[in-house]
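Trainee: Residue numbers (numbering that gives the first Met the number 0), protein chains in the order written: chain A, 0 to 106; chain B, 0 to 419.
Since the hints were derived computationally from the structure, they do not count as laboratory data. Treat the hints with care, as some may be off.
What the hints assert, rightly or not - Each computed SDA-like pair below joins lysine to any residue, with the alpha-carbon atoms no more than 20 Å apart:
id: 1; chain 1: A; residue 1: Lys48; chain 2: B; residue 2: Lys58
id: 2; chain 1: A; residue 1: Lys63; chain 2: B; residue 2: Gly304
id: 3; chain 1: A; residue 1: Lys48; chain 2: B; residue 2: Lys335
id: 4; chain 1: A; residue 1: Lys94; chain 2: A; residue 2: Tyr80
id: 5; chain 1: A; residue 1: Lys45; chain 2: B; residue 2: Gly214
id: 6; chain 1: A; residue 1: Lys26; chain 2: B; residue 2: Gly348
id: 7; chain 1: A; residue 1: Lys45; chain 2: B; residue 2: Ala252
id: 8; chain 1: A; residue 1: Lys48; chain 2: B; residue 2: Arg30
id: 9; chain 1: A; residue 1: Lys48; chain 2: A; residue 2: Thr84
id: 10; chain 1: B; residue 1: Lys407; chain 2: A; residue 2: Gly39
id: 11; chain 1: A; residue 1: Lys106; chain 2: A; residue 2: Thr84
id: 12; chain 1: A; residue 1: Lys26; chain 2: A; residue 2: Arg54
id: 13; chain 1: A; residue 1: Lys45; chain 2: B; residue 2: Arg30
id: 14; chain 1: B; residue 1: Lys356; chain 2: A; residue 2: Phe42
id: 15; chain 1: B; residue 1: Lys58; chain 2: B; residue 2: Arg30
id: 16; chain 1: A; residue 1: Lys48; chain 2: B; residue 2: Lys356
Owing to the predicted nature of the structure, the values given are computational and were not obtained by experimental measurement.
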Amino acid sequence: MLILDCPYCGVKAEETELQAGGEAHLKRYGPGSSDEEFDGYMFMRKNPKGVHFERWRHAYGCGKWFLAARCTATLEVFGTYPAQTSAPPADLQAKIKSKRPNWEGYK
Amino acid sequence: MSITRAMKRYSAFAIAREAMSYHQNWEEAWRSPAPKPKYDVVIVGAGGHGLATAYYLGKNYGITNVAVIEKGWLGGGNTGRNTTIIRSNYLQDPSAAIYEKARSLFEDLSQDLNYNVMFSPRGLLMLAQTHHEVRGYRRTVYANNLQGVATEWIEPKRVKELVPIINLDGPRYPVLGALYQARGGTARHDAVAWGYARACSAMGMDIIQQCEVTGIRSEGGKVVGVNTTKGAIDCGKLGLVAAGHSSVLADMAGFRLPIESLALQALVSEPIKPCMDVVVMANTVHGYMSQSDKGEMVIGGGTDGFNNYTQRGSFHHVEETVRALIETFPMISRLKMLRQWGGIVDMTGDRSPILSKTPVENLFVNCGWGTGGFKAIPGSGWAMAELMARGHSPLTEEFSMYRFREGKFIDESVAAGVAH
Ligand SMILES: Cc1cc2nc3c(=O)[nH]c(=O)nc-3n(C[C@H](O)[C@H](O)[C@H](O)COP(=O)(O)OP(=O)(O)OC[C@H]3O[C@@H](n4cnc5c(N)ncnc54)[C@H](O)[C@@H]3O)c2cc1C
Ligand SMILES: [Zn+2]
Chain A
0 MLILDCPYCG VKAEETELQA GGEAHLKRYG PGSSDEEFDG YMFMRKNPKG
50 VHFERWRHAY GCGKWFLAAR CTATLEVFGT YPAQTSAPPA DLQAKIKSKR
100 PNWEGYK
Chain B
0 MSITRAMKRY SAFAIAREAM SYHQNWEEAW RSPAPKPKYD VVIVGAGGHG
50 LATAYYLGKN YGITNVAVIE KGWLGGGNTG RNTTIIRSNY LQDPSAAIYE
100 KARSLFEDLS QDLNYNVMFS PRGLLMLAQT HHEVRGYRRT VYANNLQGVA
150 TEWIEPKRVK ELVPIINLDG PRYPVLGALY QARGGTARHD AVAWGYARAC
200 SAMGMDIIQQ CEVTGIRSEG GKVVGVNTTK GAIDCGKLGL VAAGHSSVLA
250 DMAGFRLPIE SLALQALVSE PIKPCMDVVV MANTVHGYMS QSDKGEMVIG
300 GGTDGFNNYT QRGSFHHVEE TVRALIETFP MISRLKMLRQ WGGIVDMTGD
350 RSPILSKTPV ENLFVNCGWG TGGFKAIPGS GWAMAELMAR GHSPLTEEFS
400 MYRFREGKFI DESVAAGVAH
């Protein structure tokens, strides 16, 4: 069972009280962007086998959206962090790098 | 091209002949060759779709210098993990065309492949348990009639006749009728993979198992070969047919796909006497069930919500599925479940597949079948072979990976709320 710490209310939330929200840190493109940029933001996904940054909602808890770093090949959770950031925190990235030396880093 | 000895046909006579030597001398169903340095066509992924693509490249276009490369064992991906539901009662025209092509090929696939795929068109019901579903399925019946797909709307009384073990007046969601496809049903999943593999091998194609593709090489925007755990292999054309691993392969070729990989689970019960000779899907409560020839009840439900490559799903989904089915079929409440497993399904936003050219020339993808691609194997292979051989196919035109950018979705997510 997947367990994530909600960075807002501090609760250890298990899967049934969480809602998955897909890839995190998407750069949004709107009017004025090229078709390719909009396509990339709206539909294309990294979907990596390995380190994945993703959105989660503490749906049956505080109700807030937060972000998590997780390994899709092992289900290991590296950590969670508040959603008000456009890139994963440096200390979390360092922690992942120490556990996954071959990880090419956040791009 | 390596010419193999002619495949010995399977027949009643062959069983008698082989009995003379106590069944010790059956020839191997397919060869396990070492890879050659170059092929006209390389297919990545020996699931049903990859093998069927290779088969129809040979059968329909005479292209037999083909390798199918598989990192595990053939049919060991989703093809060998699915619950084998076959139907073609989709809503949109492009879907009806390719799924009905597949269903109709299933009708005589055993004869065509000389391999018993145990196609069993036993009939399939999609229960309507809300008024919204009643309207939706009636609309599908009208659409199917126009598409030449034989389906009908049936009332609860007829549902009960077809499925005596069903509980029509469930407390939450009574059965209000069903979308019925009399020639929908099931087939033996492994046999579909094995039958195509045997026929491909007999045409001289190489199926290379235990060989992972680790890189894709291209020059001047054109694909020229793959790197594998058994060395480099050059190719004229490359087909990526890797279901849940499609994004990983696309990444090797330098592009992205509109795909996310999720876990989908299934389970089977202990075998019991025959009690249900149709397939029943209940999309509102999220579960479906059929009975295998061995007597096991074969059960499936919905996907997990998060990206996953582990072929392991979350337990609470199993619980939800079983809860839904016990409500629909109270008599199964005391059944013991024997096995439970998961596969990694390749989900697109509109729940329709991708059979497409890509940004890399001579590189084609066939993926996005998600929770429901077993039923499509023959039609998908037929269409993909045409796309790869001729550069276009009427069956794949609408399934391009660029349809999202163009806003031309083939929206099947409303028509089928459940994974199957
Ligand atoms: C639990 C479950 C139930 C389902 N129920 C149904 C159902 O009832 N009806 C239905 O129609 N569909 C169903 N499906 C969906 C169906 O199983 C799939 O859509 C279909 O089998 C996909 O076939 P495929 O050949 O594309 O993929 P797969 O059979 O998964 O084959 C892809 C192959 O590619 C190989 N591969 C991946 N990466 C590499 C690499 N780098 N190098 C070499 N090889 C590689 C994999 O090992 C795999 O064998 C179900 C799926 C699941 C998981
Ligand atoms: Zn919270």
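Trainee: Indicate, hint by hint, whether the structure satisfies it.
Mentor: A quick look at each hint next to the structure:
1. A/Lys48 <-> B/Lys58: violated (35 Å)
2. A/Lys63 <-> B/Gly304: Satisfied, since the Cα-Cα distance of roughly 17 Å is no more than 20 Å.
3. A/Lys48 <-> B/Lys335: Roughly 34 Å separates the two Cα atoms, so the pair is violated.
4. A/Lys94 <-> A/Tyr80: holds (13 Å)
5. A/Lys45 <-> B/Gly214: Between lysine 45 of chain A and glycine 214 of chain B the Cα gap is close to 17 Å, so the pair holds against 20 Å.
6. A/Lys26 <-> B/Gly348: Status holds; Cα separation ~18 Å.
7. A/Lys45 <-> B/Ala252: holds (13 Å)
8. A/Lys48 <-> B/Arg30: violated (31 Å)
9. A/Lys48 <-> A/Thr84: violated (23 Å)
10. B/Lys407 <-> A/Gly39: holds (16 Å)
11. A/Lys106 <-> A/Thr84: Within the cut-off at roughly 15 Å; holds.
12. A/Lys26 <-> A/Arg54: holds (14 Å)
13. A/Lys45 <-> B/Arg30: The given pair, whose Cα atoms are some 37 Å apart, is violated under the 20 Å limit.
14. B/Lys356 <-> A/Phe42: Answer holds: lysine 356 of chain B to phenylalanine 42 of chain A is near 17 Å, not above 20 Å.
15. B/Lys58 <-> B/Arg30: holds (19 Å)
16. A/Lys48 <-> B/Lys356: violated (23 Å)
Checked against the numbered hints given earlier, the structure breaks hints 1, 3, 8, 9, 13, 16 and satisfies all the rest.
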